[in-house]
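For this one, chain G is given, so just place chain W on it according to the hints.
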Amino acid sequence: MQSHKMIEKKRKSRDGKKHDRPQKFARKSKFSKKRGKIEDDKRRTGPRLPQSLRIELDRINPNDQSGSEEDEEGINDDVYEYEEGVPEEESKKNRRFDSVENYEYELPKDFKDENVDSDDDDDDFDGGENKIAHHKGKKGHLDQLDDDVEDEDDERHLRMLQGITGMPSQAFQDRKKTKVVSEGYPESEYNPTRDVLDGDGRIAIEDLLESIQGKPGYRELRKITRQVEKKGKVLQAPLPKEDRDRLERSAAYEQSKKDITRWEPLVKRNREAPTIMFDKDTDSGFSTIGAIASEFEPRTEFEKKMSSLVNDDNVMAAHKEDGSRLLELNKISLEDYISSRNHIAKMRSLLFRHEVKMKRVKKIKSKTYHRLLKKDRLKGSVGIPMDAEEAKELAMKQEFKRAEERMTLRHKNQSKWAQRIVKRGIDTQDEGTRAAMAEQLHQHALLTRKMNSMKDSSSSDDSSDEEDSENSDGSDEDKAPKLLAKAREKTRRVLEEDDGVPDSGVLSLPFMKRALKKRKEAADEEGRLAIQEFESSLKELEDTDEAKITKTGTVIEPKNKIRSSSYSSDSEAELEAQEDIDIGLGRTDDMQNNINVNSVSLYVDADIPQDSVLKNSELVKDLGPKMTYEVSILQSNTWKKMSSSRNEVDTNGKRSQKVVEPATHNQDIEFEGVGEDSDADSEGQMLDGILSSEHKSSYKLPSQAELIREAFAGDDVQEEFNKDKEEIMNLENPEPEKPAQLPGWGQWTRVQKKKGLPSWVLEEHENAKRKREEALRKRKDAHLKHVIISEKLDKKAEKLLTGTLPYPFTSKEVFEQSIRMPIGPEFNPATAVRALNRPEVVKKQGLIIKPIRYEDVDSHERGGEERRKSGQKQKIKRSKGRVKAVVAKS
Amino acid sequence: MKVKVISRSTDEFTRERSQDLQRVFHNFDPNLRSQEKAVEYQRALNAAKLDKIFARPFIGAMDGHIDAISSVAKNPNYLKGIFSASMDGDIRLWDIANRRTVCRFPGHQGAVRGLTASTDGSTLVSCGTDCTVRLWNVPVATIMESDSLSDCSSEPRAVYMGENAFWAVDHQCNGDLFATAGAQVDIWNHNRSQPVNSFKWGTDSVISVRFNPGEPNLLVTSASDRSIILYDLRVSSPARKLIMRTKTNSISWNPMEPMNFTAANEDCNCYSYDARKLDEAKCVHKDHVSAVMDIDFSPTGREFVTGSYDRTVRIFQYNGGHSREIYHTKRMQRVFCVKFSCDASYVISGSDDTNLRLWKAKASEQLGVLLPREQKRHEYNEALKNRYKHLPEVKRIVRHRHLPRPIYKAGVLRRVMIESERKKDQRRKAHSALGSIVTEPMRKRRIIKEVD
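Note that the protein sequences, when read in sequence, are chains G and W.
At position 90 of the first sequence (counting the first as 1) the number is 90 in the UniProt record's numbering, and the numbers step up by one without a gap.
At position 273 of the second sequence (counting the first as 1) the number is 273 in the UniProt record's numbering, and the numbers step up by one without a gap.
To be clear, the hints were calculated from the coordinates, so they are not data collected in a lab.
The structure displayed is predicted, hence computed values, not measured ones.
C-beta atoms are modelled at their ideal positions from N, C-alpha and C, and glycine is treated no differently.
Treat the hints with care, as some may be off.
[Claimed, not checked] Simulated DEER-style distance windows between Cβ atoms:
no. : chain 1 : residue 1 : chain 2 : residue 2 : range
1   : W       : Lys389    : G       : Ala775    : 35 to 45 Å
2   : G       : Arg424    : W       : His26     : 46 to 56 Å
3   : G       : Ser790    : W       : Glu393    : 15 to 25 Å
4   : W       : Asn319    : G       : Lys795    : 27 to 37 Å
5   : G       : Glu393    : W       : Lys330    : 49 to 59 Å
6   : W       : Thr246    : G       : Ser790    : 49 to 59 Å
7   : G       : Arg853    : W       : Gly121    : 15 to 25 Å
8   : G       : His786    : W       : Ser420    : 41 to 51 Å
Next up, chain G with everything else stripped away, as it sits in the complex (with noise of 0.2 Å):
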């Protein structure tokens, strides 16, 4: 309290300028309110009257004490003329205090007094400022004067305090936080005051307010803060720092969970799609057949000419404008033009022709004129001259399928059918067989050769075939004086030839070379002798056409002779007339041959049809008897048809009667009778039924369970049920076997006489029947009389059944919906079956996925408009089932 009132005091003393301020709103404020009622309590400073008095008082006055100072102040001036301390206890609205302790309190005011000087003159000093300010009023006075007085006491108290205790009198000062500091510069917002910077002598509103009073606005002001006050928000410290950080944690929370959670119907369609394609956006480099072009560089000397006419300015420039230049460009003169027309008709023309001819020959079926054909053909590709290499590979050829022939004789009759026919002895196989194990031999032959002697026979074939071609050609009459010709022409160039005597080796030794010249001398003497000979016999053949073949016969004679005289020498006229002989040979065996074969195919052919002639003979005998007995049977048949007619119709009937006799034996016996009456056919039972009916006049119709039990009168459900039911559980259940004595057994003799089955066999055998029955009486079925409930375990079954309910599913009807459908392509159609294979993710080797990226799922509120947007793709997206993840593309 009295801090306040020394605040004010000094704040007034420090600055001037407050002094003048009307102390009346400096009250108004709150803060001030409370300090003016206490300073009006101190105030009254008159002679002290009893509480009772002031009561009666305030009675006399009904404004109470905290209405406005002014009223109150007047009525102090009015009530007291001097002024009085106001003791303290007074000052408090309880009396707590004993007026005792009060007196002692005041004694050493007096005591004060006499030591201070200086605050005398402090006194004096306020008390001339007072006198100063005394002049602008009354009131003004006054209150400086009890400032003035309170002041006092306090140094007083203080100085007092002092001396008693000896003690500084900063220690005292606690009470008082305040003291007075002279400062040097004026108070500014740079240089705050000391009450500032404590925390205390806070500036109002009301502080502010004052400077503005009477201007334009003030009381607009004045309203608002008034309203402010009255409201009186008040802010709340800070909370610590702890819980400020897990609010903001928490917020911090909420919102990532916020962010997280839009992403949810995004994942649960990727969840929920049957696949995911991780596979697009797939970037191979090169994507068009133009990027792939653009990059293509001209290497070999082709591309490179090409390269120059297709990058060739002035095409370019062409292609670049019109087609109109790219035409000038391409000009060409007539007479080119017309050359190269007839050049084309000519080719035409002559590839027509060929064709015409191949189709004519293809059409020929003789198989001799094809294989030779082909002969010639292959003569042809042989006798093109070819370069080096390729007769050089021609040759390693050959040399490979000789080699080979020689390591394999695969010719020499080594394969199974060969050896076969060679058992079974060629002479029996006809005549085509025959031939291919000629042909084959021969290939053997051709195959294990000398080398050097392969391209003679070739030559030698050459000339048998041009041979043949004379042959066939020309008659034997021209065939002979040729040859002749021949020969003499021959001979007498091997006469004329000059033998070179070989220089070196055995046959240049010189006995060895007086040998070949005796011999020579001897073969030119035959040759002469031979050519002389040649001459007069192609004179006889001029001559005479009659003695051809007895001298053609003389003609080979001599050639003979000259082979075995010139053996040294191969000549080609030896082994012309060799290849002769042997063609001649060889035809005349072919012709054997086919002799031979004529005759056995004409024998084979005579048996045949002597065969089939034997067969069908025996056929025709066979059938006769059958096709008799058959008849006969059918006749048979027939006759006993129409004999036992009526025997047939008997057991028709009887056998209706057996049909009819179960269901009916309960009824009466006239049917029967009847029955047995006709022996007539079906018509006798419709008869009967008629009869039957006509008979039953008296007939009472059965009620439904009579009925019923008829119509089931034979079989005995029940029983049969029973039997089954028994036979199932006997089944599954098996009765033990019982124990039985095999004779011999366990016994020595027949002294050694047992006297039954060992106790344990009898003991185990309970057991086995005990089990049985109790494990019949735990069956379900064991109460149940018209059920049986099989406990048979199916093994095979039961490897294709799930022991529980498999996870994802909810119910068994599901799950097993699940594996109905194959989902094969043998059971598909090949459209379907890509998507029911499909897997669950489809992704790509090698393609890069990135994270999910966000994207605005058309959920089913606003999903319509995009949709309809997207149009038909996404519809066809969505029937095929299949979401694509949303991939960031890069």
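This is chain W only, laid out in the frame that chain G set:
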């Protein structure tokens, strides 16, 4: 006279090319084919057996490091590039197609604990126990392609010093921030030598950090005080903490489901959480018999691979309680790091035996280009297996794996322990007042509390 002949239009039966298949018409009436189900079942059985026959998951080992491999990072932009770091401070870039080192990054003085590459694949960030974070320029793909056997080595682009050892690092997806974990979580920018942001909640060191690939401002860390903490970078504050009974060694977000992450725990299990509901795990993935050291999701988001201290690598379905596949070799030691390749076809594991191993994600998958018919056949077989996987015979074949004896025995032992614990619980429950003992589900049992 009436003559009936089978007539076929030539248009339908003439092949356009000689390679075309002869067209065959089927009558799909099910009454004509009563055995189709049996046939398909048999085929499924055969497919399962064939899968077993062709299961050859191991492609090759890459050796070169001289100490245990501590971390592996994949290049998100280049399929063949895989980075690996070892305990002796060596960092290598591998070309996994050729299985050789392309480049080396020398510089770290101590063990490298964290390794990551930026999304564009141009920057590699590594951190280690030498209290440094190093940024490296990754050589371009063309250098990788060139088969110069002399591997190049490069200098770090930047070296940032920290006060404490770093335990992990991860790069933001499509951004230029990266986070390191150590005594606290630091968020760094490529271009600044000081962290942009630091978070510390709790006293123990953070051992792993992972950014959310879908929601790039979200990251999750695990600390050695058994906590998993969620951070949000936009409000730059931690969001939520979860305390489990055992430490979480590594965490991986599901790249296709931004709300879900899976934590590889020290107690042999992995726990899949929804970041919005941390009070219980969505799925518990059991099968490992020792602490799970590392985890990485497949880019498809449908499965993840884990490497464990029990010397095996396992592949789990994202919602499966047990592993789909187990990989092990005689020489593979404790697995410290695993990664799925960016095309979801391969798995890379780095282990204590200084080797990096390359596996197929699907053990029996046929590598190389497939003909369409082959593709169809594989798809059909797969669909059949999938359809009949619940039937006992197929199930047995598909699930059967040969395990190394110690792992098998440890698994058996674990099962016995769990079973006996369960029995004890049951008995306790049976002998106490009704409702006084409540057994918590496994999804909640390992969680101590959720702190906000």
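Results for each hint:
no.	hint	verdict
1	Lys389(W) / Ala775(G): 35 to 45 Å	36 Å, holds
2	Arg424(G) / His26(W): 46 to 56 Å	52 Å, holds
3	Ser790(G) / Glu393(W): 15 to 25 Å	24 Å, holds
4	Asn319(W) / Lys795(G): 27 to 37 Å	34 Å, holds
5	Glu393(G) / Lys330(W): 49 to 59 Å	57 Å, holds
6	Thr246(W) / Ser790(G): 49 to 59 Å	53 Å, holds
7	Arg853(G) / Gly121(W): 15 to 25 Å	18 Å, holds
8	His786(G) / Ser420(W): 41 to 51 Å	50 Å, holds
Of the numbered hints given earlier, the model fails none.
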